[in-house]
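K.L.:
Here are the chains, one letter per residue:
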Amino acid sequence: MSETAQQVAAAKAVPPGDGPSGLAGAGIAANTVPGRTTGGSSTRTGIIAIIVLLALFAVPFVANTYVVFVVSLTLVYAVSTLGFNLLVGWSGQIGLAHAALFAVGAYGSAIGVEYGIPFLLTIPLAGIVAAVLALVIGFPAIRLRGFFLAIATLALGMAIVELLTMARPLTGGGGGMSVNVWSLPGITTAASTYFVVLAVAAIMFFLMRRALLGRFGRTLQAVRDLGQLTGSLGVSALRYRLVAFALSGFIAAVAGTLYGQLQTFIFPAMFQMNLLVPMLVMVFVGGAGSMWGPVVGAAFAIVLIEFFQDLGDQQAIAYGLVLMLAISVLPGGLTSLARRVGDSRFMARLRRREVAE
Amino acid sequence: MTTTAVATPVVQFVDVQKAFGGNKVLVDVSLDVRPGFTGLIGPNGAGKTTCLNVVSGYLQPDAGDVRLAGQSVLGRAPMEVARMGVSRTFQTPRLIPNLSAVENVMVGGSRHYRHGHLAELLGLPSARRDERVQRERAYALLEELGLDHPDRAANAFPVGSQKIIEVARALLNDPVLLLLDEPAAGLGAEDVDRLVNGLNAWTARNPEAAVMIIEHDLELISRLCPTAAVLHFGRIITSGAPKDVLRDPVVVEAYLGADVAAGD
Amino acid sequence: MLQTIVSGLESGSWFALLGLAIVVVMKAADVPNFAMAEMGLVATYVGISLAAAGVPFWIAVLATLITGAVIGVLIDIALMRRLSSYGHFPLLLMTIGLTLALNAVVGLIWGHDPRSFPAPWTGAAVQIGGGVAIGVSQIVSIIVGLIGAVAITAFFRTQVGAQMRAVAENRSTARLIGVSAGRLSAIAWAVGGFIAAVTVMLQAQSALVSTLSPASLIIYGFVAATMGGFTSLLGTFVGGLALGVIQQFVGAYISSAVQFSVALLVVFLVLILRPEGFTKGMVLRDV
Ligand SMILES: Nc1ncnc2c1ncn2[C@@H]1O[C@H](COP(=O)(O)OP(=O)(O)OP(=O)(O)O)[C@@H](O)[C@H]1O
Ligand SMILES: [Mg+2]
Numbered sequence: 001m002s003e004t005a006q007q008v009a010a011a012k013a014v015p016p017g018d019g020p021s022g023l024a025g026a027g028i029a030a031n032t033v034p035g036r037t038t039g040g041s042s043t044r045t046g047i048i049a050i051i052v053l054l055a056l057f058a059v060p061f062v063a064n065t066y067v068v069f070v071v072s073l074t075l076v077y078a079v080s081t082l083g084f085n086l087l088v089g090w091s092g093q094i095g096l097a098h099a100a101l102f103a104v105g106a107y108g109s110a111i112g113v114e115y116g117i118p119f120l121l122t123i124p125l126a127g128i129v130a131a132v133l134a135l136v137i138g139f140p141a142i143r144l145r146g147f148f149l150a151i152a153t154l155a156l157g158m159a160i161v162e163l164l165t166m167a168r169p170l171t172g173g174g175g176g177m178s179v180n181v182w183s184l185p186g187i188t189t190a191a192s193t194y195f196v197v198l199a200v201a202a203i204m205f206f207l208m209r210r211a212l213l214g215r216f217g218r219t220l221q222a223v224r225d226l227g228q229l230t231g232s233l234g235v236s237a238l239r240y241r242l243v244a245f246a247l248s249g250f251i252a253a254v255a256g257t258l259y260g261q262l263q264t265f266i267f268p269a270m271f272q273m274n275l276l277v278p279m280l281v282m283v284f285v286g287g288a289g290s291m292w293g294p295v296v297g298a299a300f301a302i303v304l305i306e307f308f309q310d311l312g313d314q315q316a317i318a319y320g321l322v323l324m325l326a327i328s329v330l331p332g333g334l335t336s337l338a339r340r341v342g343d344s345r346f347m348a349r350l351r352r353r354e355v356a357e
Numbered sequence: 001m002t003t004t005a006v007a008t009p010v011v012q013f014v015d016v017q018k019a020f021g022g023n024k025v026l027v028d029v030s031l032d033v034r035p036g037f038t039g040l041i042g043p044n045g046a047g048k049t050t051c052l053n054v055v056s057g058y059l060q061p062d063a064g065d066v067r068l069a070g071q072s073v074l075g076r077a078p079m080e081v082a083r084m085g086v087s088r089t090f091q092t093p094r095l096i097p098n099l100s101a102v103e104n105v106m107v108g109g110s111r112h113y114r115h116g117h118l119a120e121l122l123g124l125p126s127a128r129r130d131e132r133v134q135r136e137r138a139y140a141l142l143e144e145l146g147l148d149h150p151d152r153a154a155n156a157f158p159v160g161s162q163k164i165i166e167v168a169r170a171l172l173n174d175p176v177l178l179l180l181d182e183p184a185a186g187l188g189a190e191d192v193d194r195l196v197n198g199l200n201a202w203t204a205r206n207p208e209a210a211v212m213i214i215e216h217d218l219e220l221i222s223r224l225c226p227t228a229a230v231l232h233f234g235r236i237i238t239s240g241a242p243k244d245v246l247r248d249p250v251v252v253e254a255y256l257g258a259d260v261a262a263g264d
Numbered sequence: 001m002l003q004t005i006v007s008g009l010e011s012g013s014w015f016a017l018l019g020l021a022i023v024v025v026m027k028a029a030d031v032p033n034f035a036m037a038e039m040g041l042v043a044t045y046v047g048i049s050l051a052a053a054g055v056p057f058w059i060a061v062l063a064t065l066i067t068g069a070v071i072g073v074l075i076d077i078a079l080m081r082r083l084s085s086y087g088h089f090p091l092l093l094m095t096i097g098l099t100l101a102l103n104a105v106v107g108l109i110w111g112h113d114p115r116s117f118p119a120p121w122t123g124a125a126v127q128i129g130g131g132v133a134i135g136v137s138q139i140v141s142i143i144v145g146l147i148g149a150v151a152i153t154a155f156f157r158t159q160v161g162a163q164m165r166a167v168a169e170n171r172s173t174a175r176l177i178g179v180s181a182g183r184l185s186a187i188a189w190a191v192g193g194f195i196a197a198v199t200v201m202l203q204a205q206s207a208l209v210s211t212l213s214p215a216s217l218i219i220y221g222f223v224a225a226t227m228g229g230f231t232s233l234l235g236t237f238v239g240g241l242a243l244g245v246i247q248q249f250v251g252a253y254i255s256s257a258v259q260f261s262v263a264l265l266v267v268f269l270v271l272i273l274r275p276e277g278f279t280k281g282m283v284l285r286d287v
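Protein sequence lines correspond, in order, to chains A, B and C. Per UniProt numbering, the very first residue in the first sequence carries number 1; after that it's consecutive. Per UniProt numbering, the very first residue in the second sequence carries number 1; after that it's consecutive. Per UniProt numbering, the very first residue in the third sequence carries number 1; after that it's consecutive.
None of the hints are false.
Covered stretches of chain B, as calculated for chain A (at least 3 residues, CB under 8 Å):
#: 1; stretch: 86 to 95
#: 2; stretch: 99 to 113
#: 3; stretch: 117 to 124
A few chain A positions that, by computed beta-carbon distances, are all more than 10 Å from chain C:
#: 4; residue: Ala-49
#: 5; residue: Phe-61
#: 6; residue: Thr-74
#: 7; residue: Gly-112
#: 8; residue: Leu-135
#: 9; residue: Arg-210
#: 10; residue: Arg-239
#: 11; residue: Ile-302
Distance windows between CB atoms, simulated:
#: 12; chain 1: B; residue 1: His-149; chain 2: C; residue 2: Gly-182; range: 36 to 46 Å
#: 13; chain 1: A; residue 1: Tyr-115; chain 2: B; residue 2: Asp-62; range: 56 to 66 Å
#: 14; chain 1: C; residue 1: Gly-129; chain 2: A; residue 2: Tyr-115; range: 51 to 61 Å
#: 15; chain 1: C; residue 1: Leu-269; chain 2: A; residue 2: Leu-207; range: 29 to 39 Å
#: 16; chain 1: C; residue 1: Gly-54; chain 2: A; residue 2: Asn-64; range: 57 to 67 Å
It is worth saying that the hints were derived from the structure and are not from the lab. Here a beta-carbon is modelled for each residue, glycine too, at the ideal position from N, C-alpha and C.
Let the sequences and hints guide you as you build the complete structure.
P.N.:
What follows is the structure, given as structure tokens:
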């Protein structure tokens, strides 16, 4: 029998959703860390995590306000990217309303505080509101895939930002609103915000890691790579797609509440393409579908933003070119480089050389 | 083998018809599949995979009925059918490329996870136990089916081994009906032996379960299946013991055009 | 009233043409090109510079069109093609990076002041009864828009166009029957760049363009493409025209501040009311 004919027949016989989502996932999939946790490596991860956490905890005591601000911002972006990466990388859906949901968090918290809700309480509340909103936005996910979903969600995200502009009595309209900054008694506001950010980031990373390395993450990847075929495994692709939307919206808004605290003044224009593009870059650089990528991506983007701060033409060109170059050279993101070195022939060659010597 | 000829059918095809446009792919297919192995053979394009798609909910037949333990599966989505205890593999293996073989198999265990994702998120002991149990079962199944290096990423395996991983994934749910689409394609003789042994061991433990197996390797069919049905241009032209079926002049003729060497 | 309709049809023609350019590239190469308006801007600025340097108008027009097509092909060959095996995400991001870079290049070379591409007829108007005057450049935009739509439709009837449709419908089958996807995507990018150049040039012979203008043009182009479900040429063209007219009416009778929101509302309504525009789209046809 001819191999080609057989493949054609197979391709035809494979039921809906199979081809496109499989292809779409393929590129992203190549970057994910094989998620097997053995006892030893998880203890090691735990120890590293505690050391990193202690080091981060010490930052406000040893560094100046600017550094504290930059580290806070990095952590906020890292949390936001955690959510974005969950959606784009792990569930394979390019939803582009993330900046808008981030804005919902920032505004939701600021408005909530104005109405007398304690700030810490607004963090989960804004998250829940955004999760519901994300579900509504993600609903087209039922029938839209790939770029169609991207454009639909982009439009809906823009609509949210427009609504924020129009709701002048609540949000101050295009002029923006100032944010009541919450602070712990006895320490500076910057340090206080920092600790909240650190605590939220730590919790988010801890929970996400657990979810993504376990059954939830596995199933999400199955939905991404197998599409409708997960039905035969007793898994509802639709449900997981929507859950991914809701969760990423929740996380975006949580990060948004913290962002508002850091910026102390927010206005709609902050949350348009000028934020969405760096957010996409963060996911990309971190490696879509990776576990620790969001931190790397956020740090990279912060450096990039700081470096290209006042976007003059030269900087804008450089920004665009750096981005294009990065995508061309490493389509799997910056973190794919480490992995490529880690398990490639390169490493094998090194090892062989060691043996020879 | 523990098959009893009189056992009630696990799945029944009743006058199933299916056409794609003008292309009649299944014509009045009626077939009872009882516990144990049933082979489904036929030349390329005969409609074998379409049969599986009709049972597993990916295609709705134009006419006729498919009954699983007496209950019609028509109108049910693949997920519902899967929850009724039907597992399947695909002709072209579909795995999560970057996850290890074991983790791919674990994706198939949805029926065995008692805990929800919230329990998993909170790290409750019950959730951990579930996960550990399924992981051990997945390792055991892979070993039984003869796959080495279960911790290697799925895309590092040749296609033949990927099909074995799919078989294990389908088995993890303890199906009442297992549908295998050319599980041995691309396997070497030794690996086929291990697959056969693994499947036999599994059916020995699950005597109630039915396995419907599509295969071009007719020798494998002869070894595993007490009965086989031959599909040709969407019709079941004959069924019975593989030895007799393969000697049937109608079958020989059907295969001659298709240029498939009879096994032995 | 009539004036508003004509203005609407004029800007609608731009949206429609850009939408068509987006759809052509989407069909053949499966890339949503966010840089489409910027590509047209670069080409148009080349034409403007040539015209300013004394090159005859029609030669400058020709140069603009060729520049647009060449930019398209270069982008495809140098940047896009190698990425297609990595899935959608890098492709999307690449067109965004390209948008930033091209826009900044224009700013660096030509500055940020608004410019126009004056045609021999720019400023002239046709008097029609009741003291209403219609600009010749408006008529030119509408007519060129129509010609463009007809030409693209005809293009898809040619052999190359048919192959393109085959690729859009089923990539693997197309490969089997020996269609060279690479050549087709280069052609599609050339056509896309060409139409983008036409679009921005039309805009510049009637109004002013600058590094700021592509941002809204591209969104309206995407809205038009959405209205055609990213596959229907007719739907995209009519959608673009309708969008232009709606925008003008909203701007004239309500407020220009809500024009953008109205466009988003249109996308939303299309998604809710006309989902078949998508489900019949090529993505699901891959099944
Ligand atoms: N979804 C579909 N749409 C249109 N035609 C289909 C579809 N699925 C299968 N066919 C056609 O139905 C016929 C039977 O296909 P099927 O895949 O069931 O054959 P098969 O017996 O499994 O063959 P093989 O041994 O090659 O796997 C073929 O002609 C195939 O082209
Ligand atoms: Mg088949």
